[in-house]
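Q: Construct all of the structure, not just a fragment, from the sequences and the given hints.
Residue-level listing of the chains:
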Amino acid sequence: MSNPFLSVRDLTVDFHTEDGVVHAVDGLSFDVEKGTTLGIVGESGSGKSVTNLTVLGLHNPETTKISGEIRLDGEELIGAPRSTMERLRGNKVAMIFQDPLTALSPYHTIGRQIGEVYRKHTGASRGESRKRAIEMLTRVGIPQPKTRVDDYPHQFSGGMRQRAMIAMALVCDPDLLIADEPTTALDVTVQAQILDLLKDLQEQMGTSIILITHDLGVVASTVHNVLVMYAGRAVERGTVTEVLGEPRHPYTWGLLASMPHLTSSVDMPLKPVRGTPPSLINVPPGCPFHPRCDYMDLVGGEVCKGERPELSPHRGHGDACYLTLAQKREIHK
Amino acid sequence: MTVRTRSAVAALAIGALALTSACAEGNQGGPATSGGQSGGSSAPAEAYKPASITVGTAEDSKGPAIPPEGVVKGGTVTMIDRNDFAHLDPAQIYVNTEANFNLLIARSLTGYKRVAKGDYKLVGDLATDTGTPSDGGKTWTFTLKDGVKWQDGTPITSEDVKWSMERTFAPFVTQGPAYIQQWLTDVDYKKAYKGPYDGKRLSSIETPDDKTIVYKFTSPHADANYALAMGGYAIVPKAKDTKEKYDKEPFSSGPYIITSHVVDKTVDLERNPHWDPATDPIRGAYPDKWHLEFGLEPLQVTDRLLADSGADQKTFTFYSSTPPERLQQVLDDASLASRRMSSPSPYGNYYYFNLSRMKDAKIRQAVNHAWPSKQIQQVMGGPAAAALPTTILNENTTVGYQPYDLFGKTTKPEGDIEKAKALLKESSDPTPTIVYAYNQTPVQERVTVVIKNALEKAGIKVVAKALDRKTYYDSIGMVKNEFDLYWAGWGSDWPSGSTVLPVIFGPVADGTPNYSHLKDPALTAEMDKITAMTDIEAANAAWMALDKKIQETITPLVVAENRIATMLHGSKVGGAEIDPQQWIVQPNTIFVKP
Amino acid sequence: MIRFITRRTLGAAVTLVIIAAVTFFLFFAVPADPARLACGKVCPPELLEQARHNLGLDQPLFAQFLAWLTGIFTGRDYEGLGRCPAPCLGFSFVNRAPVWETILDRLPLTVSLTIGAATVFFTFGVATGVVAALRQGRPLDKIASVSSLIGASVQIYFAGTLALYYLVYKNHILRQPKYVPFTEDPVGWLSGLALPWVVLAIIFTANYTRMTRSTMVEQLGEDYVRTARAKGMPGRSVVMRFALRGTMIPIVTIFGVDLGTLIGGAIITEQTFGLQGLGQLSIRAVTNSDLPMLMATVLVAAGAIVVFNIIVDVMYAVIDPRVRLS
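Protein chains in written order, with this note's numbering: chain A, 1 to 333; chain B, 1 to 594; chain C, 1 to 326.
These aren't lab readings, by the way, just hints derived from the structure by calculation.
Ranges between beta-carbon positions, derived for each pair:
hint, chain 1, residue 1, chain 2, residue 2, range
1, B, Pro403, C, Arg83, 54 to 62 Å
2, C, Leu162, B, Ser260, 29 to 37 Å
3, B, Ala466, C, Leu26, 18 to 26 Å
4, A, Val21, C, Leu149, 28 to 36 Å
5, C, Gly188, A, Leu101, 51 to 59 Å
6, C, Ile150, A, Glu62, 25 to 33 Å
7, C, Pro181, B, Ala116, 44 to 52 Å
8, C, Val257, B, Ser260, 35 to 43 Å
9, B, Lys49, C, Leu149, 54 to 62 Å
10, C, Val111, B, Ala116, 46 to 54 Å
11, B, Thr431, C, Val30, 40 to 48 Å
12, C, Val111, A, Asn60, 38 to 46 Å
Don't be surprised by glycine CBs; every beta carbon is placed ideally from N, CA and C.
A: Here is the structure:
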């Protein structure tokens with residue numbers, strides 16, 4: 001493959017808070033190829049959202065320390081001037097947020113919120129950007145876009161708001177779209193519509209997408225590649241078939257076990273991952289998952305607590321666990 | 001004379017220098033500082049000489065007024081104060097600020113002429129002299145001067161003078177003095193005559209010709225010429241009388257005409273071309289224009305006058321005295337000497353004994369001896385802020401004043417505890433308990449502590465009762481009150497005991513100023529006798545002697561401390577003086593330096 | 001919107017009548033008798049009765065109130081004093097001047113004082129609040145917080161007297177505060193009121209700084225502000241158009257209340273600077289037991305608060321479309 005469109009290397013993000021330093025992201029690396037979708041999966045607090053805010057430079061520069069590399073189409077974003085970031089945002093990289101009700105300004109019309117992005121990045125006139133907003137609303141499937149363009153977000157239904165949000169994100173034909181839990185706040189039928197819409201748009205426009213979710217079902221139906229994150233680190237990486245078909249990390253197993261399958265029998269209980277996610281201020285040494293892991297005995301507990309396991313192999317389907325491949329296959333049948 | 005009265009007007013004067021020429025004025029606020037020590041130790045030590053007031057002759061009654069030293073004519077003078085004048089209709093005027101202002105636009109039959117500093121003469125104002133009594137003082141005849149005119153040039157006639165008195169009987173008039181009206185008719189004068197507006201005239205005032213006016217009283221009144229000098233007896237033109245509305249549109253007989261009046265804000269005066277200085281022995285009327293501004297607190301007035309910058313150099317104040325927070329600074333600054341004025345209150349202030357409860361004169365005398373005058377003076381701000389009078393009649397407002405000191409106030413101002421104890425030993429109760437009621441103000445709180453401490457040293461237990469400010473006078477005015485001692489004030493209406501003693505020792509009833517409930521047939525008879533005297537000098541001497549006799553034989557009160565007002569004027573204002581009788585800067589000698 | 005305003009105006013009228021009635025009847029609950037003040041030093045009972053009659057106080061209380069109320073709409077005739085045209089608020093007990101004329105004479109000063117001070121404290125308060133919010137925790141923020149705290153705890157009569165003494169009387173940097181109508185002399189209007197504006201603003205600014213800062217901090221954390229940034233909107237536009245908009249809602253609320261209160265009369269400010277506005281009128285009406293004047297000042301003050309309440313509600317709708325349409 002050619003150079004990936006987005007390449008993140010050794011990204012480390014620390015926040016200073018009153019309670020101490022939060023190690024939100026710790027040595028994360030991943031790539032997103034042009035026209036593909038990467039799903040980032042993990043519990044809340046695993047560093048998924050932080051990673052993506054950092055890509056857009058939306059972190060608070062006062063309290064955040066970042067190191068590593070973020071290359072977008074070859075351009076380094078860490079340490080880039082604000083003007084560069086403002087040029088890229090909404091233009092080359094766009095973002096969709098979880099709750100469209102709070103993510104849209106209640107004080108401005110939908111049309112204006114979409115149009116102003118277009119005006120900002122293309123220098124179009126008010127009239128042109130309004131036309132473009134209507135066009136975008138049509139494209140995301142809003143009925144009667146010519147009148148709805150003057151509505152305020154609270155006049156839209158939840159699904160329509162998310163469509164409007166997508167219209168706003170795509171108004172400048174971005175190369176990369178970061179969708180942070182775009183369907184979590186929506187009901188199931190609307191979820192499917194939104195995901196279909198994203199797929200359609202990707203096919204039409206060739207946009208790369210990062211889809212952040214904690215829902216492996218969404219991942220299965222939508223993404224090409226998967227990155228499983230735990231405590232600010234990647235614990236498993238691979239194509240969607242690899243990760244969901246032959247998951248290798250105990251945490252991934254846990255995630256899969258905790259979600260309902262259409263195939264599983266009704267009386268088979270769902271098994272949530274034991275314990276609670278670790279505090280990112282005091283990340284456990286060694287494998288951060290070890291306090292919750294059921295398989296430490298197979299490795300020998302001291303190993304898991306000692307050194308931090310690296311993601312291996314470096315390419316393709318990799319995971320960060322000391323279990324041998326054979327053990328993994330044995331356990332997850 | 002039976003004047004049943006009480007003080008409510010006092011409430012108008014919170015924080016300002018006294019407002020009432022004659023009204024009892026509350027001992028609240030005012031210049032009494034809470035600063036305590038030192039007082040006027042650094043103020044120039046100049047013994048205070050009370051004003052002298054005599055009756056002038058026909059020659060004295062001729063204009064023009066005696067000019068003050070260095071007088072300059074012309075210019076505009078500015079006056080700044082807190083309150084506007086509620087009334088401009090003379091019939092409604094009792095308050096000293098209003099009477100004082102009215103000197104500029106209204107004339108009376110008689111008035112006070114300044115001869116020199118502290119030296120005043122009662123003279124004829126519109127009248128050629130101070131009147132001629134006849135029929136044993138029951139009839140008074142006045143002749144109007146030639147050339148006295150209204151602001152439209154029409155001559156002032158005896159008919160106008162008569163009309164002015166008649167209209168004070170009208171129902172719309174509820175303020176202003178009542179002496180002459182009662183003397184002409186009856187105590188209940190408003191019932192006896194309803195005013196001239198329905199065509200009925202008062203037969204007891206005669207106008208044999210345009211120049212002559214004759215008052216016929218029902219009893220002799222040797223001091224009618226003084227009474228007629230009150231601001232309330234200034235004149236109103238019959239032809240321009242608009243009844244109630246006249247209060248808003250007075251027609252000038254004085255040296256100025258009101259050109260603009262924005263209620264509670266400003267008054268502007270310009271010269272009245274028909275006023276002739278040659279007819280007026282009282283008013284100098286030196287500035288061409290007057291500009292009066294209201295709404296300034298005494299503190300701001302003081303600060304502006306202290307700063308003395310720009311237009312404020314030509315500014316003065318009628319009555320805003322230096323407030324406690326600036327008093328020391330004003331007294332200490334030697335450079336202010338030429339712009340500083342001070343004058344003690346012309347009012348009588350008393351701690352009345354309630355004779356219905358405190359029946360033993362020995363105890364009352366003991367209290368007088370033990371009284372901590374000096375300590376109270378300190379609380380009020382020291383000798384520069386309060387004087388220690390020893391007589392019932394005020395030295396500033398009593399013609400023929402004779403000092404006496406029965407209780408050693410001058411020799412032992414801090415109180416003579418031994419003497420008090422000795423008197424108590426002879427009394428019915430050597431360890432009495434007295435209930436002292438006081439007006440609940442910060443200064444009075446402190447004064448009360450001082451009084452309590454001093455009296456308790458003499459063996460007198462003091463129970464202090466704080467009374468609410470708004471209802472203080474109502475409470476102590478009840479005849480059946482439960483207090484033994486309380487403060488109240490009274491001011492004379494002209495410089496004589498005749499408007500003091502018969503009032504404060506007059507009828508006993510709820511709400512009357514006889515707070516000590518002194519009811520002594522012999523005393524009443526003696527006061528009636530003096531009131532009927534036709535020789536005013538003899539009467540004045542008799543009042544003064546009675547003052548001492550009352551304190552000596554009855555001791556119905558403790559003479560209270562007397563506040564001293566300190567005021568400033570701008571450096572380009574000349575002739576500014578506090579009138580010792582009115583306790584206000586009078587306008588007659590004011591001039592502006594270029 | 002028009003229905004909303006009509007409904008609120010009717011409600012306001014009812015509120016004002018109730019306030020007037022309460023003021024009126026409370027006035028008579030206090031022992032001080034206004035007739036006594038109109039009765040001078042020599043005041044026998046008959047004369048007091050006469051004074052009471054002259055002031056109309058001998059009528060039954062309810063009749064007095066009704067006459068006062070109808071007078072506002074129809075005008076009234078006063079014996080001896082003549083006609084008082086609508087809106088008739090009566091004649092002052094103290095100086096028998098038509099109350100409405102006096103109010104109209106004082107209103108321009110109070111309005112000028114309010115507008116000027118409000119402009120100063122609103123702009124300055126909001127600006128420092130925004131800056132403090134954007135510089136959270138940094139020295140500028142701390143300076144703004146501390147100085148606003150000091151400002152809030154300063155008393156007008158203290159700051160005002162001090163400012164007068166040093167700036168006006170002693171060093172002649174500013175002129176003696178004085179009201180000149182704007183239409184007559186705009187420069188004189190500005191320079192005459194500058195000091196009271198600033199001193200009044202010192203006290204009020206703090207509230208706006210504090211409120212703006214805290215709301216702004218909250219707003220900056222809102223999702224839609226983050227969205228705006230994610231769209232590539234420049235920082236200034238994010239602050240001014242998105243965050244500030246939401247911040248304005250609580251600010252407009254307190255601003256409305258403050259304006260209403262100030263129109264009712266900045267009593268202490270007016271006294272400190274010797275300005276003749278509604279505040280001085282009302283305090284004088286109280287000390288003089290001047291019922292008609294008291295009623296009028298209460299009515300104007302209450303009216304101002306009620307009117308600004310309506311304006312605030314309208315402003316909510318202008319700022320926030322969610323209010324407009326619900």
